[in-house]
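**Q** Next come the chains, spelled out residue by residue.
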Amino acid sequence: MNEPTTLNSSPMYTTPTSMPEEPMPQAQIPKTFVAEMREAEPGDVPVATGPSVVRSFLMAKSSGRVADGAFGGLMLVCALSIFVIVLLIVFVLVNSSKLSIHAFGFKFFTKSVWDPVSGDFGALPFIYGTVVSSLLAVFMAVPLALAVSIFLLDVCPQVLRGPISFLTELLAAIPSVVYGLWGVFVLVPIIRDQVGPLLIKYLGWTGFFADPTFGVGMFTASVILAIMIFPVISSISRDVMRAVPNHQREAALALGATRWEMIRMSVLRNARIGIVGAVILGLGRALGETLAVTMVIGNHPDMLKNLLAPAYTLSSVIANEFTEATGDLYLSALIEIGLALFLVTIVVNAIARLLVWAVTRGNTARAH
Amino acid sequence: MSQLPVRSANFERYLTTRRSVTNGLVTFLAVGATVLVLIPLGAILFYLLYKGFSSLNLAFFTHVPAPVGEEGGGMANAIIGSGVILALASAMGIPFGIGAGVYLAEYGAGSKLAEAVRFTADVLNGVPSIVMGIAAYSLIVAHQHHFSGFAGSVALAIMMVPTVTRTTEEMLATVPSNVREAALGLGIPKWRTVISVSLRTASPGIITGCMLAFARVAGETAPLLFTALGNQFFGVNLNQPMAALPLQIYTYAISPYDEWHRLAWAGALVLIVMIMVSVTLVRIFASRGALKGGN
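In order, the protein sequence lines correspond to chains A and B. Add 6 to a position in the first sequence, counting from 1, and you land on the number used in the numbering used here. By the numbering used here, the letter at position 260 of the second sequence is numbered 254, and the numbering carries on one by one without gaps.
Okay, chain A solo, but in the shape it has when bound:
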């Protein structure tokens, strides 16, 4: 948008005396003003005998420049505050985790000991828990999210589209702690008594599911996470799929494709980069999710193949132990975990955003 930014400081009214001799282009001055000037006797023209009404009005107006500059500056400060926030977070986290960074170095992330009593800290079990539970959640949520997006975009009758998409977005509005509450009192017993034994019976040979089932554990946490990240993946992949131009769909259908072939060839193929972005965005959400996971994962720093066994994640260890951390090293180790979580989610989110933008932005450019 091109705005006439020089409007208030326009010099065109500054020399009214020269007006009768050389009339300015009509478009620039109000008609009445020109007519008034033409009818005026040469002597009537105010020749610098003090500011005229018009001039003082305009001069008062030009004080808008100061206000304009100040307002624009203020808005700029607000915009820059976002950078300041990010830098401040990095600075504060690095600063408070210095002790642990110096003490353990990079080994912090490869050691599997977590012993607050002797002051020996390694974050590997938590990294394992976070990565495994998040990936598992993504594996569960992605097929569902894509299927629902396809359903809502290309299958669903128009009447149901609004309500169903509202309901799926509703899942995003439920706070983490409520998911946790539901997980503890509803999902955990179901997994302990029904789903767990079934998994052991039919998938026990893989080694991923074994006795004993406490209900709390990696698998339960992944299920909760999958439910929580589903709306993120679903709504963004729907946006991306919607950005595929309609003529792509029409072309496929005109060639005699069935609906699935049309979706596969024109929608999914064109939107794939953005869908990957949506999935990564969901992964980012899952990596940082705290409360619901803490409540159902069992909080035990083990690295077991058995998915029904308790585990621990980066965010849960912070949530559980932060207020009870005795000693500066303990606290600084926890803050270093927070720093790692921050950096990882920043990178993951940046990649995801770039991928999503690559699709949606290119499309808006084409649409114009």
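These are calculated hints, taken from the structure and not from any lab test. Heads up, the beta-carbon is just placed ideally off N, CA and C, and yes, glycines get one too. Heads up, some of the hints might be wrong.
Derived CB-CB ranges, DEER-like [what the hints assert, rightly or not]:
| hint | chain 1 | residue 1 | chain 2 | residue 2 | range |
| --- | --- | --- | --- | --- | --- |
| 1 | B | Leu275 | A | Phe115 | 40 to 48 Å |
| 2 | B | Val25 | A | Thr332 | 53 to 61 Å |
| 3 | A | Leu141 | B | Ala60 | 41 to 49 Å |
| 4 | A | Phe115 | B | Thr56 | 43 to 51 Å |
| 5 | B | Arg7 | A | Pro149 | 28 to 36 Å |
| 6 | A | Asp334 | B | Gly77 | 29 to 37 Å |
| 7 | B | Pro(-1) | A | Leu349 | 52 to 60 Å |
| 8 | B | Ala53 | A | Gly210 | 42 to 50 Å |
| 9 | B | Arg7 | A | Glu175 | 41 to 49 Å |
| 10 | A | Leu349 | B | Val25 | 37 to 45 Å |
Some chain B residues close to chain A (C-beta under 10 Å, calculated; not the full set) [to be verified]:
| hint | residue |
| --- | --- |
| 11 | Ala27 |
| 12 | Ile38 |
| 13 | Tyr97 |
| 14 | Val125 |
| 15 | Lys184 |
| 16 | Leu206 |
| 17 | Trp259 |
Place chain B on chain A using the hints.
**A** For chain B alone, coordinates are given in the frame of chain A:
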């Protein structure tokens, strides 16, 4: 060019059938997935209503938590505490968010800086809430040497900024540029144009954005765990540890007492209803004052 393969009629029929069967199968899967997803939603809402309503009573809204072992008690302090913390967070976060959104839409449109701000806002949006909690802890609590409701507000305010920024920008972008040009053409300074024309026209959408940000942080527990900390007593002193509804739900949910579990369900119901009501009210409000600029 290359010859089309000659296929028998049977083979052609097989291919056609296979295609239509695949199509039907995928359609079925899509419908099935949607139903499957709606089940947990239904289950969560059902349990909230079922368990929440049965344990909700007047005392819940008027009493502070009872000591362990005693019947009754409520979450009056947590409801008030949440309100105070959220009000302060909104007062701090929303102006910055709107300002940044105005910059992106009205001043920096198209510039490299604006791109960078937009990108950073999007990325900041995905930062885990618990990290915000640690940041607020290190910034404020560690220096003051005590937990405070104020630190909690700061953490939540930081979380609100990116959401408000992006929605404000998007809403301002929907304001037709001829409305702006009309105002500028009348000789109105730019800052007045932005405030009285652009922001005014886009205000329903911006309010929706603010409320969405509000709803998002209203249920956050992780940033409050080691900032506001929680409090069993009534208090509105922002310089002290403060109770908040999500915190109280968390504490009660992981406790071993049945009475506290009951209260946790009631608290969750109240929290959800508060969030839903605010979002719905805003939806109504926003649709009533819908943009009438036209293109």
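**Q** Next step is simple, just say for each hint if it's right about the structure.
**A** Each hint, compared with the structure:
no. : hint                                : result
1   : B:Leu275 with A:Phe115: 40 to 48 Å  : 47 Å, holds
2   : B:Val25 with A:Thr332: 53 to 61 Å   : 55 Å, holds
3   : A:Leu141 with B:Ala60: 41 to 49 Å   : 43 Å, holds
4   : A:Phe115 with B:Thr56: 43 to 51 Å   : 50 Å, holds
5   : B:Arg7 with A:Pro149: 28 to 36 Å    : 31 Å, holds
6   : A:Asp334 with B:Gly77: 29 to 37 Å   : 35 Å, holds
7   : B:Pro(-1) with A:Leu349: 52 to 60 Å : 55 Å, holds
8   : B:Ala53 with A:Gly210: 42 to 50 Å   : 49 Å, holds
9   : B:Arg7 with A:Glu175: 41 to 49 Å    : 44 Å, holds
10  : A:Leu349 with B:Val25: 37 to 45 Å   : 41 Å, holds
11  : Ala27                               : 3 Å, holds
12  : Ile38                               : 5 Å, holds
13  : Tyr97                               : 4 Å, holds
14  : Val125                              : 5 Å, holds
15  : Lys184                              : 5 Å, holds
16  : Leu206                              : 9 Å, holds
17  : Trp259                              : 7 Å, holds
Comparing the model with each numbered hint stated earlier shows that all of them hold.
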